[in-house]
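Peer 1: If you read the protein sequences in the order shown, they are chains A and B.
Under the UniProt record's numbering, the first residue of the first sequence is numbered 1, with each subsequent residue one higher.
Under the UniProt record's numbering, the first residue of the second sequence is numbered 1, with each subsequent residue one higher.
Heads up, some of the hints might be wrong.
Below are the DSBU-like pairs computed for lysine-lysine, each with C-alpha atoms no more than 30 Å apart in a straight line [to be verified]:
(1) LYS15/A with LYS31/A
(2) LYS45/A with LYS159/A
(3) LYS159/A with LYS159/B
(4) LYS22/B with LYS159/A
(5) LYS22/B with LYS45/A
(6) LYS201/A with LYS45/B
(7) LYS159/A with LYS15/A
(8) LYS159/B with LYS22/A
For the record, the hints were derived by calculation from the structure and aren't laboratory data.
Values in this document were obtained by computation on a predicted structure and should not be read as measured data.
2 protein chains.
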Amino acid sequence: MAGTELTNVRSPRVKAARRLTKRAYREQDRKFLAEGPQAVREALKLDGVTLELFATAEAELRHPELVTEATLQGVPVHRASGEVMAQLSQTVTPQGLLAVCRLVHVALDDALPAEPRLVAVLAHVRDPGNAGTVMRAADAAGADAVIFTDASVDPYNGKCVRASAGSLFHLPVVIGAPVARAVSLLRERGLRVLAADGAGKHTLDDVDLSGPTAWIFGNEAWGLPEEVLGQADEVVRVPIYGRAESLNLATAAAVCLYSSARAQRVS
Amino acid sequence: MAGTELTNVRSPRVKAARRLTKRAYREQDRKFLAEGPQAVREALKLDGVTLELFATAEAELRHPELVTEATLQGVPVHRASGEVMAQLSQTVTPQGLLAVCRLVHVALDDALPAEPRLVAVLAHVRDPGNAGTVMRAADAAGADAVIFTDASVDPYNGKCVRASAGSLFHLPVVIGAPVARAVSLLRERGLRVLAADGAGKHTLDDVDLSGPTAWIFGNEAWGLPEEVLGQADEVVRVPIYGRAESLNLATAAAVCLYSSARAQRVS
Numbered sequence: 001m002a003g004t005e006l007t008n009v010r011s012p013r014v015k016a017a018r019r020l021t022k023r024a025y026r027e028q029d030r031k032f033l034a035e036g037p038q039a040v041r042e043a044l045k046l047d048g049v050t051l052e053l054f055a056t057a058e059a060e061l062r063h064p065e066l067v068t069e070a071t072l073q074g075v076p077v078h079r080a081s082g083e084v085m086a087q088l089s090q091t092v093t094p095q096g097l098l099a100v101c102r103l104v105h106v107a108l109d110d111a112l113p114a115e116p117r118l119v120a121v122l123a124h125v126r127d128p129g130n131a132g133t134v135m136r137a138a139d140a141a142g143a144d145a146v147i148f149t150d151a152s153v154d155p156y157n158g159k160c161v162r163a164s165a166g167s168l169f170h171l172p173v174v175i176g177a178p179v180a181r182a183v184s185l186l187r188e189r190g191l192r193v194l195a196a197d198g199a200g201k202h203t204l205d206d207v208d209l210s211g212p213t214a215w216i217f218g219n220e221a222w223g224l225p226e227e228v229l230g231q232a233d234e235v236v237r238v239p240i241y242g243r244a245e246s247l248n249l250a251t252a253a254a255v256c257l258y259s260s261a262r263a264q265r266v267s
Numbered sequence: 001m002a003g004t005e006l007t008n009v010r011s012p013r014v015k016a017a018r019r020l021t022k023r024a025y026r027e028q029d030r031k032f033l034a035e036g037p038q039a040v041r042e043a044l045k046l047d048g049v050t051l052e053l054f055a056t057a058e059a060e061l062r063h064p065e066l067v068t069e070a071t072l073q074g075v076p077v078h079r080a081s082g083e084v085m086a087q088l089s090q091t092v093t094p095q096g097l098l099a100v101c102r103l104v105h106v107a108l109d110d111a112l113p114a115e116p117r118l119v120a121v122l123a124h125v126r127d128p129g130n131a132g133t134v135m136r137a138a139d140a141a142g143a144d145a146v147i148f149t150d151a152s153v154d155p156y157n158g159k160c161v162r163a164s165a166g167s168l169f170h171l172p173v174v175i176g177a178p179v180a181r182a183v184s185l186l187r188e189r190g191l192r193v194l195a196a197d198g199a200g201k202h203t204l205d206d207v208d209l210s211g212p213t214a215w216i217f218g219n220e221a222w223g224l225p226e227e228v229l230g231q232a233d234e235v236v237r238v239p240i241y242g243r244a245e246s247l248n249l250a251t252a253a254a255v256c257l258y259s260s261a262r263a264q265r266v267s
């Protein structure tokens with residue numbers, strides 16, 4: 001633990017971290033920010049992922065185990081003033097802990113186990129909160145991987161990292177995959193490719209989900225472009241039993257992923 | 001349509017609407033704000049709910065059918081400048097349409113049909129976005145009613161109205177119900193009362209959901225207080241198959257509600 005507190009928001013160290021709030025710099029520096037005790041804890045569980053840790057004095061007192069773990073791993077821990085943390089944080093009420101991490105995604109060809117059972121593909125998801133929530137639901141449902149296509153939001157976006165609640169560090173994540181390549185690989189690996197879309201001919205209740213399945217989720221308005229729908233084996237909708245027009249993307253994805261998880265276990 | 005545009009953010013009409021962004025004034029005036037074309041459209045489908053409509057010139061051009069419908073219903077339509085709309089709106093990018101509505105909730109005793117099948121209870125939900133998303137999911141899953149207990153967020157909160165995507169106008173909503181009273185009424189009406197909680201002994205997959213069911217959802221950290229857990233017939237958790245610690249509240253609620261909806265239809 002460094003003895004001196006970082007108080008200057010213009011110091012090179014703070015500026016180097018702060019620029020990671022922008023996608024272009026994340027790509028250039030191959031780093032991103034993971035904010036809050038939950039994200040930091042999960043990052044520290046992976047070898048060599050956490051590169052630096054910023055902590056306020058208060059957060060150090062609240063989470064001494066995380067500071068100790070970082071120190072044991074040889075991760076530089078910088079004590080930061082509240083003002084510095086506010087500069088780095090992308091939340092309204094910063095939680096006082098923020099890790100600089102190396103990017104954790106994997107190549108499409110390396111993402112899947114030998115016999116994948118469940119994969120989530122985010123094809124045109126633009127809202128980072130939704131994308132993070134889908135990652136978390138995919139993790140909870142036991143998915144083997146999450147694939148972000150080239151038309152989707154950056155999973156290293158601060159809001160997405162937060163909404164994933166650590167799941168970004170739990171399962172293989174692919175970014176920037178062209179849809180066609182992802183679909184053909186998934187099919188090659190024995191997965192049936194289902195597109196979730198409100199215009200689907202079949203509902204979740206009509207489809208046999210007991211086999212290995214990849215789900216493609218579209219954008220927030222629940223449209224997947226024709227080119228994507230055309231590549232799927234089936235287009236499936238979540239049935240609407242009441243008067244809602246549709247479901248929120250992340251809740252729809254959770255319903256689909258859990259339907260698969262259950263069908264695979266019950267049958 | 002009034003010929004003159006409201007441009008003064010200090011005009012009595014604008015101030016009377018603007019104060020409805022605060023819960024205390026909503027309760028006092030018995031009115032709330034519904035923002036955006038989707039909410040306005042759903043509000044206008046109910047008789048006598050929409051009391052006033054504010055619209056920018058641009059929004060009038062984009063949604064002439066809503067302005068026409070309001071006018072047909074004798075609802076005063078005020079053209080508002082962008083500045084006035086920004087004052088009234090609670091979103092970063094206002095959509096130019098905002099209705100002042102009378103409160104639409106019903107009394108607990110009047111909320112349920114003779115033979116209810118599915119009810120959602122929000123017992124300690126504090127995040128308005130989550131609460132609105134649960135309302136939307138309950139509506140989609142065909143729930144008969146949504147009950148907000150006295151420890152939950154106000155469903156008329158602007159974020160909650162938006163996240164509900166019109167569902168606040170679709171099904172009976174109860175507010176401020178004491179948990180014990182809600183539970184005993186639900187049980188009297190033949191519903192089995194299940195508390196959704198990560199500490200549940202049973203998982204969704206172990207429980208027979210084919211009968212009439214009320215789900216109680218807790219706060220964002222997935223804890224329901226002992227007193228609530230103790231009142232439920234069963235405490236049930238969504239199984240976690242992967243490494244996530246838990247699910248987001250709204251996605252967990254959607255998974256539970258859809259599990260019930262399906263079990264009731266399949267069996």
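Peer 1: Against which earlier hints does the structure fall short, listed by number upward?
Peer 2: Number 5 - this is the single hint that the structure violates.
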